[in-house]
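Peer 1: These are the residues of each chain, in order.
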Amino acid sequence: MMRSLVAAAVWLIVAAAFNGALSHRLSLGWVQPDFLLVVAVALSMRGTTNRAAWTGFVAGMFHSALWNEKMMALTISRMFACIASVHFFRAFPVSGAGAAAVVTGAATLVAGILYLFLGLPTNLVQWLVETFGGILYNAALAVPVYVLQERMASRRPTTSL
Amino acid sequence: MRGSNPILVTLLLCVLGIALGSLQSRAKGRIEASGEAESQPAQNGGVDFVTRAVQIVILPPTRAVDRALTFVGDAALSFVEAGKLRARVRELETTLSERLDRTRRLEALERENTRLRELQKFPSVPGFRQVKADVIAVNFGSQRVSLNVGSRQGVSPGAPVVVPDGLVGQVVEVGSSVCHVNLVTHPRFAVGARVFRADSQEVGILRGRGGERMVLTIYREPTGALSALIRGGDEVTTSGLSAVYPEGVLIGRVAEANRNRTTGVVEATVVPAVNMAKVHEVVVLMR
Chain A
1 MMRSLVAAAV WLIVAAAFNG ALSHRLSLGW VQPDFLLVVA VALSMRGTTN RAAWTGFVAG
61 MFHSALWNEK MMALTISRMF ACIASVHFFR AFPVSGAGAA AVVTGAATLV AGILYLFLGL
121 PTNLVQWLVE TFGGILYNAA LAVPVYVLQE RMASRRPTTS L
Chain B
162 MRGSNPILVT LLLCVLGIAL GSLQSRAKGR IEASGEAESQ PAQNGGVDFV TRAVQIVILP
222 PTRAVDRALT FVGDAALSFV EAGKLRARVR ELETTLSERL DRTRRLEALE RENTRLRELQ
282 KFPSVPGFRQ VKADVIAVNF GSQRVSLNVG SRQGVSPGAP VVVPDGLVGQ VVEVGSSVCH
342 VNLVTHPRFA VGARVFRADS QEVGILRGRG GERMVLTIYR EPTGALSALI RGGDEVTTSG
402 LSAVYPEGVL IGRVAEANRN RTTGVVEATV VPAVNMAKVH EVVVLMR
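First to last, the sequence lines map onto chains A and B. Residue numbering for the first sequence follows this note's numbering, starting at 1 and increasing by one per position. Residue numbering for the second sequence follows this note's numbering, starting at 162 and increasing by one per position.
The set of hints was computed from the structure by calculation and includes no laboratory data. If you're wondering where the values come from, they're calculated on a predicted model, not measured in any experiment. Treat the hints with care, as some may be off.
Derived coverage of chain A by chain B (criterion: at least 3 residues anywhere in the stretch with Cβ under 8 angstroms from a Cβ of chain B; other residues may be distant) [stated by the list, open to error]:
no., stretch
1, 4-16
2, 20-30
3, 97-111
4, 122-132
Here's a subset of chain B near chain A, in silico, CB distances under 8 angstroms, partners left out [as the list claims (entries may be wrong)]:
no., residue
5, V208
6, T212
7, D227
8, L246
Here are some chain A residues the structure puts well away from chain B; computed CB gaps all over 10 angstroms [stated by the list, open to error]:
no., residue
9, F80
10, L148
11, E150
Just so you know, even glycine gets a beta-carbon here, dropped at the ideal spot from N, CA and C.
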């Protein structure tokens with residue numbers, strides 16, 4: 001239990017570092033990858049709702065702390081996105097990298113819609129481009145993250161992320 | 162956590178999120194109210210304690226990743242730039258090589274120009290026509306040079322060859338557009354010569370001896386001091402006593418002189434005035 005918590009924390013800290021240092025370098029116009037959301041969804045989708053809620057909440061807190069803004073919007077939107085990912089993943093007929101990509105895309109959409117109402121972005125067009133571009137970007141990123149997590153989980157069978 | 166009600170946990174986290182958001186907004190509001198800029202860096206003023214605590218955890222790895230990415234980016238850029246720089250160096254080397262070649266050609270032309278200008282200064286000799294010529298071959302072993310003028314330019318055997326420094330030699334063979342010249346040091350070269358001094362105008366015969374020496378022979382009674390006749394450093398010029406050479410063309414300078422006490426014959430070693438190795442253009446004097 002403790003081990004999996006530490007592993008999840010490390011994943012989220014690394015994702016936060018990537019969000020702060022790498023996201024803007026990989027941006028395509030307004031569209032940036034959201035490493036924190038991708039990792040949070042990957043950590044959540046095979047777990048329980050409670051775990052997903054906490055993971056999403058911490059991911060939102062990290063995201064907010066990076067830029068010192070929108071704490072409420074980010075924590076709540078990420079939390080519900082992660083909870084949603086659990087149900088999306090369960091509803092998916094097969095599990096795998098493809099399923100992870102679709103679930104991540106859907107979770108990004110959930111997070112984006114919630115952020116629209118809670119964070120009240122000033123530019124609606126920018127929000128649209130960021131959200132729908134982010135769906136594709138995050139879905140693509142979810143594949144290597146899923147594969148990496150699978151590989152790490154297979155090395156340490158006692159540790160479940 | 163596993164046994165907790167998910168709805169309760171979610172609600173609890175929602176409330177916590179709202180509280181944290183409120184805390185963050187209040188901290189930022191305090192800063193705005195105090196008149197500080199809103200665009201302060203995140204880790205400075207206007208940060209609530211929760212955000213600050215999270216930043217303590219996530220900002221160091223963020224900076225480390227940022228530095229690593231910057232380093233990798235710079236290294237990649239340097240690698241790309243290195244190729245361009247190598248190409249630029251090659252281009253500059255080629256340009257430099259071309260410029261050096263051009264400079265060498267210009268220097269050669271400048272030297273030629275200087276020599277030709279000096280030739281232009283060569284005074285006209287009454288009764289002689291000047292034919293300017295280039296040295297096209299030099300054979301110091303046989304004490305001969307070849308010129309790029311011949312019978313087409315009116316050159317004939319026996320014509321003296323001169324440069325502003327003095328006498329070079331005499332044309333001995335002539336082709337249609339080439340001629341060969343025996344240098345003054347050639348063993349078969351001979352000319353009437355005069356010691357050019359205010360108090361002595363001794364006349365003798367000067368002959369080549371091979372190498373870089375000539376010998377001036379003066380036939381005279383064995384009377385008086387030798388130094389009164391000739392001494393080291395005296396200039397030796399053409400005597401003008403024949404129709405072949407004009408008078409007063411410098412041949413060389415006396416290195417040393419000896420006299421045979423019995424016959425009275427004076428023999429002086431003369432060093433040519435012209436450095437044959439540096440002769441490129443000459444003047445052939447034609448009657």
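Peer 1: A/E150: least C-beta distance to chain B exceeds 10 angstroms?
Peer 2: holds (23 angstroms)
Peer 1: At a threshold of 8 angstroms, is the proposed contact between B/T212 and chain A supported by beta-carbon distances?
Peer 2: holds (5 angstroms)
Peer 1: Taking 8 angstroms as the C-beta cutoff, is the stated coverage of the stretch 4-16 of chain A by chain B satisfied by three or more residues?
Peer 2: With 3 residues closer than 8 angstroms to chain B, the stretch 4-16 of chain A meets the three-residue bar; holds.
Peer 1: Examine the stretch 97-111 of chain A for residues whose CB is less than 8 angstroms from any CB of chain B, and state whether their number is three or more.
Peer 2: violated (count 0)
Peer 1: Confirm or reject: A/L148 is not an interface residue toward chain B, with every Cβ-Cβ distance exceeding 10 angstroms.
Peer 2: The assertion about A/L148 holds, with a minimum of 16 angstroms to chain B.
Peer 1: Check, residue by residue, whether the stretch 122-132 of chain A contains three or more positions whose beta-carbon lies closer than 8 angstroms to a beta-carbon of chain B, and give the verdict.
Peer 2: violated (count 0)
Peer 1: Just to be careful: measuring from the Cβ of B/V208 to every Cβ in chain A, is the smallest value less than 8 angstroms?
Peer 2: holds (6 angstroms)
Peer 1: Does A/F80 sit more than 10 angstroms from chain B, CB to CB?
Peer 2: violated (8 angstroms)
Peer 1: Regarding the hint that B/D227 lies at the interface with chain A, is the smallest CB-CB distance below 8 angstroms?
Peer 2: At 4 angstroms from the nearest chain A Cβ, B/D227 passes the 8 angstroms test, so the hint holds.
Peer 1: Would you say the stretch 20-30 of chain A counts as covered by chain B, given the rule of at least 3 residues with C-beta under 8 angstroms?
Peer 2: This one holds; 4 residues, not fewer than the three required, reach chain B with a Cβ under 8 angstroms.
Peer 1: Using Cβ atoms only, decide whether B/L246 comes closer than 8 angstroms to chain A, and label the hint accordingly.
Peer 2: violated (25 angstroms)
Hints 3, 4, 8, 9 from the list above are not met by this structure, while the remaining hints are.
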